[in-house]
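Student: Sequence:
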Amino acid sequence: MDNFQLVLRFFMNQKAMVGYSFMAILTFGGERVFSMVSFQCPCNHDQNFTYGLTFLLGPAAVLLVFSLFFSTRLWRLYTGCCLNPMKLCPRGNCFGCFRVLMSIFTSACVAPIMWLCVALLNGTFYECAISGLDENLVVDLFCKNKTLKCREELARVPCDRSKLSSDERMELLLMFRAQSQILGWSIIIFAAIIGLLGTCCKNCRSQVSYLQLSFWKHYIEKEKERFDAFTVDYATKLAERNLQSFFENKIPNPMPFPNHKAWEEISEYYTFSRTEQYYSTLQRYVERTDRDFSPEKRPVLDIEHGIEMT
Numbered sequence: 039m040d041n042f043q044l045v046l047r048f049f050m051n052q053k054a055m056v057g058y059s060f061m062a063i064l065t066f067g068g069e070r071v072f073s074m075v076s077f078q079c080p081c082n083h084d085q086n087f088t089y090g091l092t093f094l095l096g097p098a099a100v101l102l103v104f105s106l107f108f109s110t111r112l113w114r115l116y117t118g119c120c121l122n123p124m125k126l127c128p129r130g131n132c133f134g135c136f137r138v139l140m141s142i143f144t145s146a147c148v149a150p151i152m153w154l155c156v157a158l159l160n161g162t163f164y165e166c167a168i169s170g171l172d173e174n175l176v177v178d179l180f181c182k183n184k185t186l187k188c189r190e191e192l193a194r195v196p197c198d199r200s201k202l203s204s205d206e207r208m209e210l211l212l213m214f215r216a217q218s219q220i221l222g223w224s225i226i227i228f229a230a231i232i233g234l235l236g237t238c239c240k241n242c243r244s245q246v247s248y249l250q251l252s253f254w255k256h257y258i259e260k261e262k263e264r265f266d267a268f269t270v271d272y273a274t275k276l277a278e279r280n281l282q283s284f285f286e287n288k289i290p291n292p293m294p295f296p297n298h299k300a301w302e303e304i305s306e307y308y309t310f311s312r313t314e315q316y317y318s319t320l321q322r323y324v325e326r327t328d329r330d331f332s333p334e335k336r337p338v339l340d341i342e343h344g345i346e347m348t
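For my numbering, count along the sequence shown from 1 and bump the result up by 38.
Quick caveat, the hints were computed from the structure, so don't treat them as lab data.
One or more of the hints may lead you astray.
To be verified - In silico DSS-like links for lysine-lysine, alpha-carbon gap of 30 Å or less:
1) Lys-275 x Lys-288
2) Lys-288 x Lys-125
3) Lys-255 x Lys-125
What the hints assert, rightly or not - Pairwise CB distance ranges, derived in the manner of DEER restraints:
4) Met-74 x Gln-250: 45 to 55 Å
5) Val-270 x Pro-292: 20 to 30 Å
6) Arg-243 x Val-324: 20 to 30 Å
7) Phe-265 x Tyr-116: 51 to 61 Å
8) Ser-244 x Val-270: 28 to 38 Å
Heads up, the beta-carbon is just placed ideally off N, CA and C, and yes, glycines get one too.
With the sequences and hints as input, model every part of the structure.
Tutor: Pasting the structure below:
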């Protein structure tokens with residue numbers, strides 16, 4: 039049992055690494071399914087480039103959209119901005135807002151970059167796309183010192199319909215895959231360097247020490263974990279109280295509930311400051327001495343879903 043708890047604690051402490059590893063496995067499996075089941079290069083000059091580029095960049099774009107769609111940080115920052123544009127840049131802190139947006143976008147780019155790297159290292163999509171280009175620079179690169187037949191059959195090289203000899207076809211395929219893999223490794227190296235430089239710059243400009251930053255990260259994680267559990271429990275109690283009042287036809291028991299302004303304040307993004315010993319907007323709000331405990335009088339109406347909360 040102790041060994042099991044030790045292993046479980048290790049995986050809990052390395053959640054980010056485990057999550058990225060699982061994402062990499064899913065990306066690799068998805069790429070193999072696409073390349074073996076649904077991908078069939080048309081092998082003609084008119085469609086090769088568009089078809090190959092669609093399979094290369096299409097899933098990456100979808101992964102980027104999904105990553106942004108499921109980003110709670112993005113929706114926490116964006117929700118209500120149409121009604122209150124200043125929410126994006128509270129107190130005129132445009133640089134802080136830009137930094138948060140860049141952090142959200144960078145996190146969302148992990149899955150698309152993984153897809154591009156796996157797809158380029160495999161080379162199937164790139165072979166189809168590059169063989170359909172009619173640009174003289176591309177054709178001269180692959181068909182240099184070769185016959186005119188190479189130029190005519192270049193788009194059919196990814197398929198078995200090429201009229202070139204097996205040696206010529208294999209040579210061109212190896213050139214395609216070499217370029218694709220070089221491009222894939224270039225993206226990996228560039229992403230690793232940018233990630234390292236970004237982390238170094240962020241830590242260098244940090245206003246807190248490494249140990250305090252570690253404590254801050256643990257606190258944010260625990261606060262979110264307990265917030266989710268507490269909201270589920272509190273929502274359950276509120277639903278039971280309302281249902282009991284409805285079915286028993288009696289006045290409901292009073293139940294404290296944060297007002298709309300309080301929800302708005304704890305939903306803002308928070309930047310650590312040396313003048314405040316707080317680690318989140320929630321902590322800053324609960325430790326304020328001028329908190330507004332009055333309930334929200336104005337109803338919050340959601341026209342689309344027909345929900346009214348008082």
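Student: Compare the structure with each hint and give your call.
Tutor: Consistency of the hints with the structure:
1. Lys-275 x Lys-288: Roughly 17 Å separates the two Cα atoms, so the pair holds.
2. Lys-288 x Lys-125: Given that 30 Å is the threshold and the Cα spacing comes to 40 Å, the pair is violated.
3. Lys-255 x Lys-125: At roughly 24 Å apart (the allowed maximum being 30 Å), Lys-125 and Lys-255 satisfy the hint.
4. Met-74 x Gln-250: 45 to 55 Å: Holds - the Cβ-Cβ distance for Met-74 and Gln-250, about 50 Å, lies within 45 to 55 Å.
5. Val-270 x Pro-292: 20 to 30 Å: holds, 21 Å
6. Arg-243 x Val-324: 20 to 30 Å: holds, 28 Å
7. Phe-265 x Tyr-116: 51 to 61 Å: violated, 19 Å
8. Ser-244 x Val-270: 28 to 38 Å: For Ser-244 and Val-270 the Cβ distance comes to about 34 Å; the hint holds.
When held up to the earlier numbered hints, the structure conflicts with 2, 7 and fits the remainder.
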